[in-house]
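> Residue numbers (this note's numbering), protein chains in the order written: chain X, 1 to 349; chain S, 1 to 285; chain E, 1 to 265.
If you are wondering where the hints come from, they were derived from the structure by calculation, not from laboratory data.
Beta carbons are placed, not taken as given, at the ideal position from N, Cα and C, and that holds for glycine.
Check before you lean on any hint, since a few could be wrong.
What the hints assert, rightly or not - Footprint (simulated), chain X over chain S, 3 or more residues, beta carbon under 8 Å:
#	stretch
1	103–110
2	173–185
3	188–195
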Amino acid sequence: MNGVAVQLQGCAKTYPNGTRALDPVILDVARGETLVFLGPSGCGKTTLLRIIAGLEQPDAGGRVLFNGADVTAVPIERRNVGMVFQSYALFPNMNVADNIGYGMKIRGVDRAERRARIAELVALTGIEGLENRRIDQLSGGQRQRVALARAVAVRPSVLLLDEPLTALDAGLRERLRGELDRLLRMLGITTVYVTHDQAEAMALGDRVVVMRNGAIAQIGRPRDIYFAPASRFVAEFIGAANILEGDYADGVLNLSGGKLPVDCGAPAGAVIAIIRPESIGVVAPDQAALCGRVDSVSFIGARQRLSVSGAVDKAVLVDAPNAIEIKAGDRIGLRIDPGAVRLLPRDRS
Amino acid sequence: MHHGAPAKPERANDMSLRTFIYLCALPLAIVVTAFFVLPMTRLMVVGGTGDLGVGAYAQILLDARYRATLINTVSLAAATTAATLAIATIAALFLQRHSFAGRAVLIALLTFPLAFPGVVVGFMIILLAGRQGLIGDITAALFGEKWVFAYSIGGLFLGYLYFSIPRVILTIMAAIEKLDPILEEAARALGAGPWAVHRDVILPALKPAFIASGAIAFATAMGAFGTAFTLATNIDVLPMLIYSEFTLSANIAMAAALSVGLGVVAWAVLALARSVGGGTVAAAG
Amino acid sequence: MRGRMLFAVQLLFTLLVAAFLIVPALLSMLAGVTVNYFRGIRSGLTLQWVAQVFELYPDTIGRSFLIAAAALVVTLLVGVPAAYALHVRGGRLARAIEEIITLPLAIPGLAIALALLLTYGGFGDFRRSWLFILAGHVVFTMPFMVRSVMAVFAAIDVKTLDEGAASLGASPLTRFLNVIVPNAKPGIIAGSLMVVTLSLGEFNLTWMLHTPLTKTLPVGLADSYASMRLEVASAYTLVFFVMIIPLLVAMQLFADRGAGRGARR
């Protein structure tokens, strides 16, 4: 475990033109933890990151603490953070080695030691041979690695990454995601990572903070957020979800197309039911409480995604194994495991 | 635009596009050839037809008086360029990075002398540092002695600053605006204080603008005539030398040779800057 | 607070530079309407010096406007079609021609004037008329018109518009007049303002080319600086400012409007 524990106490941000970017946030990041801020654009995740970095000041009353020490008034150049920007922000007037060594040069580290550390980081990030290249000669993936090496070179207290993979194309992104994951675990530094890609968040985060409109919608481990979303928004944002409206009483969920036994201790009343497509099984129509007609079949790689209408008042998404032969127009039954249904009171949105 | 039924063959495109284009360019070709290319060629030829023949072109370096004038002119132009870049950069960084009441007015005041001809600039210097000048009055009040320097090389230097600063400020302000603030944030994240950020990120990024505007300032100062003419008397710069050779000494060939030399130097400086820097100038006079 | 002190120092520096540029201009405008500059404003305000300017140099002002207007006409008629031709033709030849017409900006006016004198000095009538000065002004201002128009052509992708009109059956001349020129208006206006402003203020060329009968305003200014008393010289400069400042303001407003149309900060 490396780095510091970060605490945010009541950090809000309102811009001079009146825009409210962030409502007061209270957050604890444990030492060595990787925390991911996830949300659509404009939700305030980058603002929060910049407040931790020291590039933005929280509104009056907000505090940022590193290991219990108040650093709110400390400017970024003295906070010893490592930051990777979305556009990498590599210095065009320096080559790769000088970029990586810049933080050390500022701190007065002597040349020999700098050189050794640069070599260490070059090996770590897999960019051997590129040390003397100019920045404009590098590919996107190479730049990302240099940016990471540069941020980590100074042994920062907190590593801050602002959508580091967003600028890359899909295939490269997935490959680098794996490398990034490995690297972050190896370094063990407290890391705060911002992204709008939920697959990335789930893969990299120890905990995920889902944000919306300047406020936190839910914090939890990826697993918890996926299987127990706290709101409709979180359920829809993370993975595919079927959101059905119904009434719940005594262990039975009443949907428009039928009744379903549910294993969830929710208060009786109007609810929304969140069911993941992969939790719905395909059976013969006469063997299920809900049945409907298949409108379309999409092959999505590992499974085939069906859109089924007529079971309830809207189309239901079902992920079925590729082995089953299904085509549009078939009538099927939907088998839903009682434990796979998550209920939320309907008035909460 | 109405196009009728299939046109009669002879009418459709009487003028093919190529012909039209040549016709469009023809007047320019005539004007430029008649009033620029031909005269410049003649100038170069005349430069080599005096007593010294083509050797006249070497005189600028060989003759002691000419050489002294050349060195004077180059030094003055270089000093002007350096001072202007420094002054303009400080002012430009300040203006672009802060917003305050009256900023627009201040910028307008600083760029307002852009279109002043050299003569008027000379007059401005006389008003500041001439015999009835403001500076002279101030020093007389403070120190009892009137400081008059308009008619010396100091006054000329001031005059060159006067017409260089507006243009250079505009160019550098435009370049500062294009700077990516994220590079500065990255440097700060790595621990760089304000001075280091300027040294390692901002000034290197402004290099092309420095080269482009510096070259123009240098070339303009080399060829400036009006200012030197107004401040007259003993100032020994190349344009004044050319003028006196032509009008006072009637040494036409020498004047021609010197003019060509001056033109070549000015052009070379600008061409060099363009190849290094790449077009980032406020195009004004 | 270090930040505030730094701000104050930089502000002071910038104000000083601005003062250096503006104070003499203001002084000259003031001197032009003061009875006695040596005694200052206490001696009273008067328009006698301005009147004297109009007595001594009446034709210079008119001639400057005449030449500027003529230069504008010539650069429009010659420069706009040429800009079109250069833009459409493209390639190395066009770039070489652009380079040549831009040379007068690099070469000192003195040299150009000398060249013109050597070539046309013998053509007495031409050399003695204001047309001789016009020729010099046209050579000097042409690149501004051409570049300004070409810049607009590049920005609005005139080639596509041209091809569109051609596909509808318009002849090259019709296209030029009805499509190309109207769309190049911003460049034409910017270029025109530039040409007129530069022509009104041109000295280096004009001084060498002028005769006592073809003096322009800047030439008159130089004369007055050398031989007239300060108040007259200042009044003359004031007249020049009055002529040129509206043009500068127009150029700035026009440029801002163009920039504002692009992107709001």
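> Now tell me if each hint is right for this structure.
Each hint, compared with the structure:
Chain X is given as covering the stretch 103–110 of chain S, and this is violated because 0 residues of the stretch bring a CB closer than 8 Å to a CB of that chain, at least three being needed. Coverage of the stretch 173–185 of chain S by chain X holds in this model, with 4 residues showing a Cβ closer than 8 Å to a Cβ of that chain against a need of three. Against chain X, the stretch 188–195 of chain S contributes 6 residues with a C-beta closer than 8 Å to a partner C-beta. That satisfies the three-residue criterion, and the hint holds.
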